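Chemist: What follows is the residue order along each chain.
2 protein chains.
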Amino acid sequence: MRVNEILVQEIEALIQKKDYRSLKEALPEILPADLVEILYLLPTVDRLLIFRLLKKDMAVEVFSLLESNEQEELLHLFTDDNAKEILQSMAPDDRADLFDELPAGIVNRLIALLPQDQRDLMNRMLNYPDNSAGRLMTTEYVNLREHMNVASAIHHIRTVAPDKETIYYAYVIDDRRYLIGIVSLRQLLLAQDSMLVENIMHKDFISVKTTDDQEYVAKAIKKYDLLAIPVVDLENRLVGIVTVDDVIDVIDEEATEDFHKMAAMQATEDSYFSTGFFMLARKRILWLILLLLAYNFTQIVLRHYADTLKIISLIFFMPMIIGTGGNAGTQSATLIIRGLAVGEIRPLDFFKIVFKESFMGILMGLLLGIVLIISGAIMGADMIIAYIASIALIVIVLSANLAGALLPLIAKLLKLDPAIMAGPVITIIVDILGIVIYFEVAKFLLNI
Amino acid sequence: MRVNEILVQEIEALIQKKDYRSLKEALPEILPADLVEILYLLPTVDRLLIFRLLKKDMAVEVFSLLESNEQEELLHLFTDDNAKEILQSMAPDDRADLFDELPAGIVNRLIALLPQDQRDLMNRMLNYPDNSAGRLMTTEYVNLREHMNVASAIHHIRTVAPDKETIYYAYVIDDRRYLIGIVSLRQLLLAQDSMLVENIMHKDFISVKTTDDQEYVAKAIKKYDLLAIPVVDLENRLVGIVTVDDVIDVIDEEATEDFHKMAAMQATEDSYFSTGFFMLARKRILWLILLLLAYNFTQIVLRHYADTLKIISLIFFMPMIIGTGGNAGTQSATLIIRGLAVGEIRPLDFFKIVFKESFMGILMGLLLGIVLIISGAIMGADMIIAYIASIALIVIVLSANLAGALLPLIAKLLKLDPAIMAGPVITIIVDILGIVIYFEVAKFLLNI
Chain B
1 MRVNEILVQE
11 IEALIQKKDY
21 RSLKEALPEI
31 LPADLVEILY
41 LLPTVDRLLI
51 FRLLKKDMAV
61 EVFSLLESNE
71 QEELLHLFTD
81 DNAKEILQSM
91 APDDRADLFD
101 ELPAGIVNRL
111 IALLPQDQRD
121 LMNRMLNYPD
131 NSAGRLMTTE
141 YVNLREHMNV
151 ASAIHHIRTV
161 APDKETIYYA
171 YVIDDRRYLI
181 GIVSLRQLLL
191 AQDSMLVENI
201 MHKDFISVKT
211 TDDQEYVAKA
221 IKKYDLLAIP
231 VVDLENRLVG
241 IVTVDDVIDV
251 IDEEATEDFH
261 KMAAMQATED
271 SYFSTGFFML
281 ARKRILWLIL
291 LLLAYNFTQI
301 VLRHYADTLK
311 IISLIFFMPM
321 IIGTGGNAGT
331 QSATLIIRGL
341 AVGEIRPLDF
351 FKIVFKESFM
361 GILMGLLLGI
371 VLIISGAIMG
381 ADMIIAYIAS
391 IALIVIVLSA
401 NLAGALLPLI
411 AKLLKLDPAI
421 MAGPVITIIV
431 DILGIVIYFE
441 VAKFLLNI
Chain V
1 MRVNEILVQE
11 IEALIQKKDY
21 RSLKEALPEI
31 LPADLVEILY
41 LLPTVDRLLI
51 FRLLKKDMAV
61 EVFSLLESNE
71 QEELLHLFTD
81 DNAKEILQSM
91 APDDRADLFD
101 ELPAGIVNRL
111 IALLPQDQRD
121 LMNRMLNYPD
131 NSAGRLMTTE
141 YVNLREHMNV
151 ASAIHHIRTV
161 APDKETIYYA
171 YVIDDRRYLI
181 GIVSLRQLLL
191 AQDSMLVENI
201 MHKDFISVKT
211 TDDQEYVAKA
221 IKKYDLLAIP
231 VVDLENRLVG
241 IVTVDDVIDV
251 IDEEATEDFH
261 KMAAMQATED
271 SYFSTGFFML
281 ARKRILWLIL
291 LLLAYNFTQI
301 VLRHYADTLK
311 IISLIFFMPM
321 IIGTGGNAGT
331 QSATLIIRGL
341 AVGEIRPLDF
351 FKIVFKESFM
361 GILMGLLLGI
371 VLIISGAIMG
381 ADMIIAYIAS
391 IALIVIVLSA
401 NLAGALLPLI
411 AKLLKLDPAI
421 MAGPVITIIV
431 DILGIVIYFE
441 VAKFLLNI
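Protein sequence lines correspond, in order, to chains B and V. Quick note on numbering: the first sequence equals residues 1 to 448 in UniProt numbering. Quick note on numbering: the second sequence equals residues 1 to 448 in UniProt numbering.
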């Protein structure tokens, strides 16, 4: 799996020696996914050279595996004939992916290079919403008719196999292209040659609509352990299939999106390095500014306790107790957000969660309070203040647990993305709550 | 995809009416993955009843899809004959999964119910490390020999298909069971009947070892878009395959593990509700105590600035600037940790990252400083202090970005899990740094 660094050096040596014949012979030995990693390590001019030496099938496969910014760079360098040849042979879903990332002007020029039917298909696919099943699907699937027998179905599959993304499922449609059944190649191979497709096909199959979100598609494939899922249009006509390899990428993408949102960033689908500097700055700064503005509430609260703040030793414990509260809240929020994302927590579990998190908060608060007192004693802290801090800590951890658990659930009920109610947002709420709780406890116990 | 609530009600009605005949007829109509969700909504006694009414194949499939704590509960209620029947028919990887979660005493009793060959296989699988390819693999794959021709290979596949987890790849082994090639069913169907397997099989295939971590297996399947990957032992003999559906679960599990670690929790593989209260408390409290102890440094630092703290209005800005620093650091850490996890950032990119994060930190710090001054003016803050805070903020955001980016990279270089260097750990470091920077800037500018 590790790219052979030696391979890169050998390729570079052949290029330097201009020994293109040996290079051309060596390239087909490399797996496309490995060649992609090798290309990333070579300068652009050498990438172009390697593409010229690849056989068409492999060139198309390697090109499809590149990141979109690399594809764009190469397309600019290709001749129109070259670009045309590769674009025409790409799978429709890979092509739609690429066009999605390019500026509209370039897309129009490139679409014009395609034959009419592919052009229509592209225009149709690009009209589906971002991240929908319609964007993700391929139209290269196997069709069968219900009255075919098994022998002729298998014969048909063998005939059309070279052009299809998967041949392991075949889709049975009627005259109006309505999907009426699915049959797996395994079922066909196990059945008698004379049996009819309609008698062995699954009629209670799972399908998705072109407009369904890719996350929904991924969940369906995952739940039912499928290799592919059919996509139907709003009139229930079969228009494509989504295969499991594309869904794996979606699962990673959706997790990355959640990681970013939970760190208070607008989600980006591109990788760290392929996201431009200012694009990335923009995605980060908006949330940081919003959160900074929210921190003004801590100022208001602290001004309110200006007199209490004169007891300097109270301040010594402040970062510790609001920080610990923030940590507990971040834990709760993460558990709930992830549970909601993988579908094992439902908003209906509201009361069970409140119950569990409350008890957990009290237990953890008690333990942390004890640790605080012991470590305070060792550190030579003002013990009166340490007792105040530990009592406040119990209340703060309990509140933090509840805030961390409830806010994602409330977001979900309001049809918002629970992932935005993660660490940073919880921390600020716990900071404000924590300061109030701490100083109220202090005022009460110190009688001021 | 949504479980039909009506279906649950209908099933409950049939159970109440004791109309088991209708129930028995209705059950095979439900997809196993849906029936699992329905079972979770029914009381245990009804679950047992439904299992008695299911045909064996479906019972095994549904049982395999249940969470391990549910499986354990049912096994206690099954008769020994019942348990034996289900255990014997489960796929080896599902069975290893279950045994992994059960107490050793019960496992020994259950293993004794299996025939000798399955018993040996289980003992061998359970000896592989946790989360390794050996645990994840199934032994139900199709073998071919190199000298077979295509027609007899297809005939062989049709014969053995019912017992195999996938028939879409076949694995070619020699006399010593060494894996020498892989051929897909698609290739076989496209080839002439008289061709030999050895002439069409892929010889440059990807395989993993029994001891390889499941994350490595998932990355290989993802990278090469495979439906299954062969697993070989340390002597390179073929012992099993891992299929893509199991890998999808691994990808989700690994992401969940990272989410938990990044929220400063010990990772748990079980779901929120199936993790016991005290188990979950233990996984959370250890990190919270460690972080609380680390917060003692903020106390030491604050004591050092006891005189400066007498300027109460300095304290008003403290939560805001250390909180904002923590947020910026959390963003950087998350970007780097996720980038490392999906393999698009390598430790080699060290300098590129330092460069990008430094400039990003200065730019974001400047913008945030301006927002701080404006919002301070609106809020009627002490403007001298607001200027001090905004200057400190630039340095703090820069330091936070660098800490957030570098600590995960350093962890990776030290072969530690980068995910532990996330939000909570970064926040505490930025809190300490932030307090020092803020009060040093204040002392310098206020000339004290």
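Since the hints were made in silico from the structure, they are not lab data. Treat the numbers as computed from the prediction; the structure is a model and nothing was measured. Honestly, I wouldn't trust all of these hints.
[Claimed, not checked] Only pairs whose alpha carbons sit at most 30 Å apart, straight line, appear in this in silico DSS-like list of lysine-lysine: (1) V:K203 to B:K261; (2) B:K310 to B:K415; (3) B:K209 to B:K412; (4) V:K55 to V:K24; (5) B:K24 to V:K55; (6) V:K24 to B:K164; (7) V:K24 to B:K219; (8) V:K412 to B:K261; (9) V:K56 to B:K223; (10) B:K310 to B:K223; (11) B:K310 to V:K412; (12) B:K415 to B:K261; (13) V:K203 to B:K219; (14) V:K310 to B:K223; (15) V:K164 to B:K203; (16) B:K223 to V:K164; (17) B:K261 to V:K24; (18) V:K310 to B:K55; (19) B:K56 to V:K164.
[Said to hold, decoys possible] Derived coverage of chain B by chain V (criterion: at least 3 residues anywhere in the stretch with Cβ under 8 Å from a Cβ of chain V; other residues may be distant): (20) 171-177; (21) 286-292.
Even glycine gets a Cβ: it sits at the ideal position worked out from N, Cα and C.
Chemist: Going through the numbered hints above, which ones does this structure break? Give me the numbers in ascending order.
Modeler: The structure breaks hints 1, 2, 5, 6, 10, 11, 13, 14, 17, 18, 19, 20; every other hint is satisfied.
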